[in-house]
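So the sequences go chain by chain: D and S. For what it's worth, the working numbering labels the leading residue of the first sequence as 1, then goes sequentially. For what it's worth, the working numbering labels the leading residue of the second sequence as 1, then goes sequentially.
Hints listed in this document are in silico derivations from the structure and should not be mistaken for laboratory results. Treat the numbers as computed from the prediction; the structure is a model and nothing was measured. Some clues are possibly wrong.
Said to hold, decoys possible - Capping the alpha-carbon separation at 20 angstroms, the derived lysine to aspartate or glutamate pairs in DMTMM-like fashion look like this:
1. Lys110/S - Glu121/S
2. Lys243/S - Asp145/S
3. Lys150/S - Glu147/D
4. Lys110/S - Asp177/S
5. Lys226/D - Glu238/D
6. Lys289/D - Asp268/D
7. Lys289/D - Asp273/D
8. Lys296/D - Asp158/D
9. Lys256/D - Asp160/D
10. Lys282/D - Glu238/D
11. Lys150/S - Glu153/D
12. Lys141/D - Glu185/D
13. Lys226/D - Asp196/D
14. Lys256/D - Glu116/D
15. Lys150/S - Asp160/D
16. Lys243/S - Asp160/D
17. Lys282/D - Glu61/D
18. Lys128/D - Asp145/S
19. Lys208/D - Asp184/S
20. Lys289/D - Glu116/D
21. Lys46/S - Asp273/D
22. Lys177/D - Glu234/D
23. Lys256/D - Asp273/D
24. Lys299/S - Asp184/S
25. Lys150/S - Glu205/D
26. Lys210/S - Glu106/S
27. Lys150/S - Asp158/D
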Amino acid sequence: MKKNKLLGLISVLTLTVGILGGCGESKEANAADTTAASNISGELTASGSSALLPLAQMAAEEFMDSNPDCVITVNGGGSGEGLKQVAAGTVDIGNSDVFAEQKLDAATAADLVDHEVCVITMAPVVNKSLGIDNLTTEQLKGIFTGEITNWSEVGGPDLDILLVTRPSSSGTRAVFKSWALEGEEEASNAALETDDSGTLLQAVEQNKGAIGYVALSYLVNNDDVKSVAIDGVEPTLENTYNGSYKVWGYEHMYTKGEGSEIAKAFIDYMMSDTFAESIEAKGYGASSKLTDEAVKSHETK
Amino acid sequence: MRQSKSVVKDNKLGPLIVRIAGLLIIALTLSIGLFLVIRGMGTFVKFHHSITEFLFSSNWAPTDSATASGGNVGAAIYIAGSLLTCGLALLIVLPFSIGAAIFMTEISAKAGKKIFQPAIEIFVGIPSVVYGWIGLTVLVPFIRDVFHAKMGGYSVLAASIVLAVMIFPTITTVSVDAIRSVPDSYRRAAYGLASTRWQVIYKIVLPASKSGIMTGIILGLSRAFGEALAVAMVIGKTRAFPKDLLSPTNNLTAAIASDMGNTASGGEHNLALWSMALLLLIISVTCIFLIHLIGARAKKNERA
């Protein structure tokens, strides 16, 4: 009797330990694969910025096509999450809209290596039927800080302005704030806030008086909303490259230290000339095409 | 001999597995609670904000950085948004829920079992994103066009209606069970005293099933408090107290969901979101406590 009881207990215990131990082992094996890979094979995980996600996923697919021994998984989760995970070593690459120093403490951020894989240009967008195609920086600031509340004040129809923005922790919002609004805080108490740019576009599309901002990547093949020029400069990739349009930011891929071989290879691929075409087709900008003037203008902040 | 051995094995192994599984679940629940408490207290312990500020101030400007602090964490707008939308949802749904429950049990029991019951079960199975999506594409434009809402139809009203639809099945099913469990002898006695059907429902059945219906209401409320996605899609997420039912506001769950991934872990903004999550846990624990209280009181009354 007693023996049986003991036997049962032991079998359950071995089962549990087996399951738990199994998980641990496979994780270790994965880690070994990625760090000790030769001839570019193994597994790579990346997570973070949702703005960079579609591009990183496309790059991962193309990279896996030419390197069939690699398995790359890219997840979203937000810039903060991506930075936290790469610093903790749970993913190989952390994608971020902002510099690591802004989200992590200095000591942790110092361990990370920044790769500015592409640039992302933001454009103010309005409803197609509004009939506004240019705003000055002063007008934009007035609109987003809630001082200007009617379109007639900036040469449009007599219609209330409906602000559609992103959460205060959003990377898109941070870029728009520092480069389009010259650092002025948006009026959160008078704006609709949307979790993602897709929802923002829908709100702008549905309301005649609405204004918001999205990355150019959301405007590729999208005729439902209209982008607005700032001080007469159209939000295009060409104007981003030549430095005349200022509202853009770098997209970062962070590795812990130099990163594994596969991580290096993947980031090299993302920054290569072959992939630059895909980057532009998706509405992002290639870092390599930025003129010195454009690079310099963004060094100040 | 052999046979008896295997019987013994069955009798020992099964309960052991069941016991381990049970204990694991309890440990999991407790550790989630403990984790929330530890994280949620950070706002008050690590950054020295007062609980009064958190609950009653509407000045929300937490610093999003791993080390710096000095922002404000007044979550009153979010708390008010949650309370308001849930309360309004309850007001909207109650007549429908109790009406449906009475219809399914007292008035047309056959149709209730064959048509209503399955229909309501389907209701429960619809994912919340679908409710939110329908709210966003149908309800929000409808409110904008019919009531000429200023902020494009994103409003307290839209959020409350979506929530009302979502908690309808919970309240209805629990109420149906409560009404069904009223003994038939009560009804027959009332009919014997020449009551009309309405009098039986109103004077006998509803009072007798009161505690069950209350349980349903609280269960529905706690679901409404925890719902994030569908509400976030239609509430507008404007950080201001709503001026009227047609203006947008924000609530606890939507604010947590939209900012959690982007904030610096352990920073002031991040921990303030954890405090909001802790508040949600406290609200739902209170709800569960209330349900037990009502249940205990009903049992006492039955015995007396």
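Of the hints given before, which are not true for this structure? The structure conflicts with hints 8, 9, 19, 21, 23, although it agrees with all the remaining ones.
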